[in-house]
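Enquirer: Quick note: the sequence shown uses this note's numbering, first residue 1, plus one each step.
Note that these hints are calculated values from the structure, not bench results. Don't take every hint at face value.
Simulated restraints on C-beta separations [stated by the list, open to error]:
| id | residue 1 | residue 2 | range |
| --- | --- | --- | --- |
| 1 | Ala77 | Lys36 | 13 to 21 Å |
| 2 | Glu33 | Gln53 | 38 to 46 Å |
| 3 | Ile39 | Ala67 | 30 to 38 Å |
| 4 | Ala70 | Gln47 | 25 to 33 Å |
| 5 | Ser44 | Phe73 | 36 to 44 Å |
| 6 | Ala78 | Glu33 | 31 to 39 Å |
In this text the structure is predicted, and so the values were computed from the model without any measurement. All C-beta atoms, glycine included, are put in the ideal place defined by N, C-alpha and C.
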Amino acid sequence: MAIKKTTTKKSTPAKKANSSVGISIFGGSNKAEMRKWEIESAMSTLQRASEIQKNAKLMADVKKMAAEKAKEFNSIAAGKKI
């Protein structure tokens, strides 16, 4: 009994069509409106950061916690258990 050799042609997967139905979670916002929102959000964040930096008690607590976290991360980086 002879074994018949067959070859199969590999088919390339069909490309999916990129379709958009025009639904937006931003209420139909375009790129310019989204960019404006991003800028306003950044301004708000910077304003809040400035307020935090002016609060001496809060900044002292932030620095204390940052030092604690840095110590934990250094332990992890050194391969030590926490």
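Enquirer: All hints, please: hold or fail.
Expert: Going down the list of hints, with the structure as the test:
no.	hint	result
1	Ala77 to Lys36: 13 to 21 Å	violated, 41 Å
2	Glu33 to Gln53: 38 to 46 Å	violated, 31 Å
3	Ile39 to Ala67: 30 to 38 Å	holds, 33 Å
4	Ala70 to Gln47: 25 to 33 Å	holds, 27 Å
5	Ser44 to Phe73: 36 to 44 Å	violated, 29 Å
6	Ala78 to Glu33: 31 to 39 Å	violated, 48 Å
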